[in-house]
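Chemist: Chain residues, written in single-letter form:
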Amino acid sequence: MTLLYTEVEEELRAAVRELLADKCSPSAVLDRADSAAAAGTPYDAELWKALARDIGVAGLLIPEELGGSASREGGASAREAAVVLEELGRAVAPVPFLSSAVLATQALLTAAGQEAGGNVAEELLGRLAAGEATATLAVSFAASPYAPAAPCHEDGATLGEDGTVTGTVTGVIGAEAADVLLVPVRLARKTEPCVGLCAVEASAAVRVTPVPSLDLTRPIATVSFASAPARVVARAEGLEVPWVWEALMRGAGLLASEQLGVAEWCLTTTVAYVKERRQFARPVGSFQAVKHRLADLWLEVVGARAAARNAAALLAEAPAAGPLGDDAAVAVAVAQAHCAAVAVHAAEECVQLHGGIGMTWEHPAHLYLKRAKADQIALGTPGEHRDALAGPADLPAPV
Amino acid sequence: MRVTWDEASVAERARAFLAEHDPAAMDRLEFLRARFDAGLAWVHFPEGLGGLGAPRGLQAVADRELKGTPDNQPGRIGIGLGMAAPTILAFGTEEQSKRFLRPLWTGEEVWCQLFSEPGAGSDLATLATRAVREGDEWVVDGQKVWTSSAHTARWGILVARTDPGVPKHRGLTYFVCDMHAPGVEVRPLRQITGEAEFNEVFLTGVRLPDALRLGEVGDGWRVAQTTLMNERVAIGGAPARRTMMGVVAETWRSRPELRTHDLHQRLLRLWVDSEVMRLTAVRLREQLAAGHPGPEGSGMKLAFARLHQELSGIEVEMLREDGLAYDDWTFRRPDTVDFIGREAGYRYLRAKGNSIEGGTSEILRNIIAERVLGLPAEPRADKDVAWKDLPR
Ligand SMILES: Cc1cc2nc3c(=O)[nH]c(=O)nc-3n(C[C@H](O)[C@H](O)[C@H](O)COP(=O)(O)OP(=O)(O)OC[C@H]3O[C@@H](n4cnc5c(N)ncnc54)[C@H](O)[C@@H]3O)c2cc1C
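Protein chains in written order, with my numbering: chain A, 1 to 399; chain B, 1 to 392.
Because the hints were derived from the structure by calculation, they are not lab data. Don't take each hint at face value.
Claimed, not checked - Capping the alpha-carbon separation at 35 Å, the derived lysine-lysine pairs in DSBU-like fashion look like this:
| # | chain 1 | residue 1 | chain 2 | residue 2 |
| --- | --- | --- | --- | --- |
| 1 | A | K49 | A | K373 |
| 2 | B | K67 | B | K98 |
| 3 | A | K49 | A | K23 |
| 4 | A | K373 | A | K275 |
| 5 | B | K67 | B | K352 |
| 6 | B | K67 | A | K275 |
| 7 | A | K275 | B | K383 |
| 8 | A | K275 | B | K352 |
| 9 | A | K275 | A | K370 |
As the list claims (entries may be wrong) - Label-pair restraints from in silico Cβ distances:
| # | chain 1 | residue 1 | chain 2 | residue 2 | range |
| --- | --- | --- | --- | --- | --- |
| 10 | A | K23 | B | R242 | 48 to 58 Å |
| 11 | A | E7 | B | G68 | 34 to 44 Å |
| 12 | B | W329 | A | G391 | 31 to 41 Å |
| 13 | A | E10 | B | T360 | 31 to 41 Å |
| 14 | A | R278 | B | R222 | 30 to 40 Å |
| 15 | B | W329 | A | E7 | 35 to 45 Å |
| 16 | A | G40 | B | R242 | 35 to 45 Å |
| 17 | B | E317 | A | A390 | 14 to 24 Å |
| 18 | A | L4 | B | S9 | 17 to 27 Å |
| 19 | A | E10 | B | Y326 | 49 to 59 Å |
What the hints assert, rightly or not - Among the chain B residues that face chain A by a calculated CB cut under 7 Å, a handful are:
| # | residue |
| --- | --- |
| 20 | R259 |
| 21 | L267 |
| 22 | W271 |
| 23 | L279 |
| 24 | G299 |
| 25 | A303 |
| 26 | I368 |
| 27 | L373 |
| 28 | L375 |
| 29 | P376 |
The beta carbon of each residue, even a glycine, is placed where N, CA and C say it ideally should be.
With the hints as extra help, turn the sequences into a complete structure.
Modeler: Below, the structure written as structure tokens:
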């Protein structure tokens, strides 16, 4: 296992970066965010198609047998997905990679191992890998991987006896871009509480209502199902939802790489700005109060890279489905606890050290601040991830 | 002679060495000397100088195979191992390397670092200790301060001014100082911990043969940079057997009555920070092993100092009444440097030095800002002025 980037990973990064430089400049992203009010969504379908199909990022976690590029022997893995997320974070790219190629894909991979919906999951994974369809996991982006039953609370979606889903889920990312929604449901048939994961194709019976969102480049939406035809992908007795848990946990681990990308853009952009901007007849970057803040931030980003790489490497070594081992779970929690805060700090420093221009709508810094702050809440807060470490670190709470 | 080493061949060599040298049946020093001669002291050093010319990362393999055998007590000889050795290797002649490295590594000869002076700390290049050439000798006069281990040292790495007529960085030369030479006087300086790890060293008419010069005359600043770079990695980046986090966590586990929610939250934060620092160090070593050293090295000591200070501070606070006590204020001159030894109060006080020794945290931030991030330097008045004409 290495914490460095491999040559293959660097090649993938270069391809993604080149495409983003061409199609996803900060000003282009800002235009999309501006017109989102009219268009209903900032998601860039063209860009996503190019990423998903031409570069093949949609199938990085999907096994080769199912049409993706993941394999144990030299194929893609969570490490490559992490590198893509770094680049997408650096560009705050409005594409549904995290929602479709990570969260929904991981939910399907976990379900594919189970009897009930194996075939449905595999068929969907094939479509996702080919870039023919985009999916999302209809679970709140604020859900914590440490509260696994929460997505199936009583007023969530239910699967009726007629095989249709009814109910509302709030705080969903990537819903406007999704052809397929994977929704955890309660099964109405049983007397015992029992849950399942359903695949619902976007249709008239599914209403996606975008919510004015803090994060302009990855907004949340409310998704309502009104007797929407559904296929059962997986089911379980009791309230255990391994598909959701696995998706949130692994998603949290990979989100750290996006946070790293956000932080790196903020640091690089700020350093460049303070070298140029002059006050008191010298560059503001020559003032020690500024230099020391940026040195500290650099150190945080260096740590974030080590933590994010470690999480990606351990996720890559873990089996595609099934619960994560302790090492990987610790790596995910450490990466989130650290990287979430670093991204926010980097974005806040970016705004502050740009002065007035940093406060304007016109400058892209706010896109990063909004992304960083939303990411901090997403998939478990830093505090939740830290609490989860009390056990593995053997630092028991006071009694 | 083999050219490339890998994990298996280093392990193999260590096992073969052990098969021929039974530490239980040998004198400790003889064993260490033999280990040095077998190239298992620091495998990345050249053959004949305690190494195999192998990648640095393979040292862990040798250490693993030789676990439990007598070690060279790194706490006694940290300055030799971490600073003198890499500098001698980089700038010493063949003869100097052969003379100094073996007893340095085995711990037979302790080294100290004669850099800081009363008038030159962060601004090391402004130092005033003079070395004047007389035939084949140099005569050294001046005062050094904060010199750790000077009282146990056989040798010192010394930077002195050989040309006051040029700007400060250019008039320096680097020497090995014979600590037993006439005119070297070492006096203890008591620290806030109560003991004296460090000393002041008075150099009065000390005669050093030119053979003890390391590097060219006037090139002392460049040689000193090698020492300082290695010092920072040695203090912050080395893998630790026992860590401050480990020590504080032991206290937390064994004293449940002291736990509070506030401390728990803070401790978990620091546990994450420790883990991030460990991973950063792992990644840094990987970069070094892969032959592309990253600038990450300059940051390790900064992170390390902060972590040590916060953790040791939490421990004293957590201990409540026990934190009001101190184990022992007796003045003594220890022969080891141990950041996490003794008790919580000592650890707390000793950790204060971590952000001062080897370059203060402020200076390290300057270095990161200017050399890593490329931010402009502060305007300065001392660059092109002869040292003797600087305002004092
Ligand atoms: C425990 C311990 C062991 C040591 N062992 C040795 C040893 O073995 N050999 C040896 O040679 N030295 C040793 N030192 C000395 C150490 O390297 C110096 O103390 C250190 O470099 C700082 O120099 P100074 O003490 O003169 O402080 P000063 O340089 O006077 O600094 C005073 C304060 O000003 C700040 N400051 C200075 N310049 C700047 C600047 N440009 N920008 C911002 N802030 C600045 C410093 O950070 C510090 O906070 C040791 C020190 C300690 C504490």
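Chemist: It remains to establish, for every hint, whether it holds in the given structure.
Modeler: Each hint tested on the structure:
A distance of roughly 27 Å separates the Cα atoms of A/K49 and A/K373; the hinted pair therefore holds under the 35 Å criterion. Under the criterion of a C-alpha separation no larger than 35 Å, the hint pairing B/K67 with B/K98 is consistent with the structure, at around 26 Å. Among the hinted pairs, A/K49 with A/K23 is consistent with the structure: their alpha-carbon atoms are about 12 Å apart, no more than 35 Å. For the suggested pair A/K373 and A/K275, the alpha carbons sit about 27 Å apart, so the restraint of at most 35 Å is met.
Distance hint between B/K67 and B/K352 is fulfilled; the C-alpha atoms sit about 32 Å from each other, no more than 35 Å. Under the criterion of a C-alpha separation no larger than 35 Å, the hint pairing B/K67 with A/K275 is inconsistent with the structure, at around 51 Å. Of the pairs offered as hints, the one joining A/K275 and B/K383 holds, with about 22 Å between alpha carbons and a cut-off of 35 Å not exceeded. Between A/K275 and B/K352 the CA atoms are separated by roughly 33 Å; this keeps the pair inside 35 Å, and the hint holds.
Using a Cα cut-off of 35 Å, the hinted pair A/K275 and A/K370 holds, with the two alpha carbons roughly 25 Å apart. A/K23 and B/R242 have their C-beta atoms about 52 Å apart, which keeps the hinted 48 to 58 Å range intact. Here the CB-CB span from A/E7 to B/G68 is close to 39 Å, well matched to the stated 34 to 44 Å. Against the hinted window of 31 to 41 Å, the Cβ-Cβ separation of B/W329 and A/G391 comes to about 40 Å, which satisfies the hint.
Roughly 37 Å separates the CB atoms of A/E10 and B/T360, a value that falls within the hinted 31 to 41 Å. For A/R278 paired with B/R222, a C-beta distance near 33 Å keeps the hint of 30 to 40 Å intact. At roughly 58 Å, the beta carbons of B/W329 and A/E7 sit outside the given window of 35 to 45 Å. Distance hint check for A/G40 and B/R242: the Cβ-Cβ separation is about 58 Å, which falls outside the suggested range of 35 to 45 Å.
Between B/E317 and A/A390 the beta carbons are some 19 Å apart, a value that agrees with the proposed interval 14 to 24 Å. Between A/L4 and B/S9 the C-beta distance comes to about 23 Å, which sits within the given range of 17 to 27 Å. Against the hinted window of 49 to 59 Å, the Cβ-Cβ separation of A/E10 and B/Y326 comes to about 53 Å, which satisfies the hint. A cut of 7 Å between beta carbons decides the hint on B/R259: the least distance to chain A is about 4 Å, and the hint holds.
Checking B/L267 against chain A: minimum C-beta separation of about 6 Å stays under 7 Å; hint holds. The interface hint given for B/W271 is met, as the beta carbon of that residue sits about 5 Å from the closest beta carbon of chain A, less than 7 Å. A least Cβ separation of about 4 Å between B/L279 and chain A falls short of the 7 Å threshold, and the interface hint therefore holds. The interface hint given for B/G299 holds, since its Cβ lies 4 Å from the closest Cβ of chain A, which is under the 7 Å cut-off.
Interface restraint check for B/A303: the shortest CB-CB distance to chain A comes to about 6 Å, inside 7 Å, so the restraint holds. About 4 Å separates the beta-carbon of B/I368 from the nearest beta-carbon of chain A, less than 7 Å, and the hint is met. The interface hint given for B/L373 holds, since its Cβ lies 5 Å from the closest Cβ of chain A, which is under the 7 Å cut-off. With 7 Å as the threshold, the beta carbon of B/L375 comes within range of chain A, its nearest partner Cβ sitting at about 4 Å, so the hint holds.
Contact between B/P376 and chain A, as hinted, is supported at the beta carbon level, the nearest pair being about 4 Å apart and thus within 7 Å.
Checked against the numbered hints given earlier, this structure breaks hints 6, 15, 16; the rest are met.
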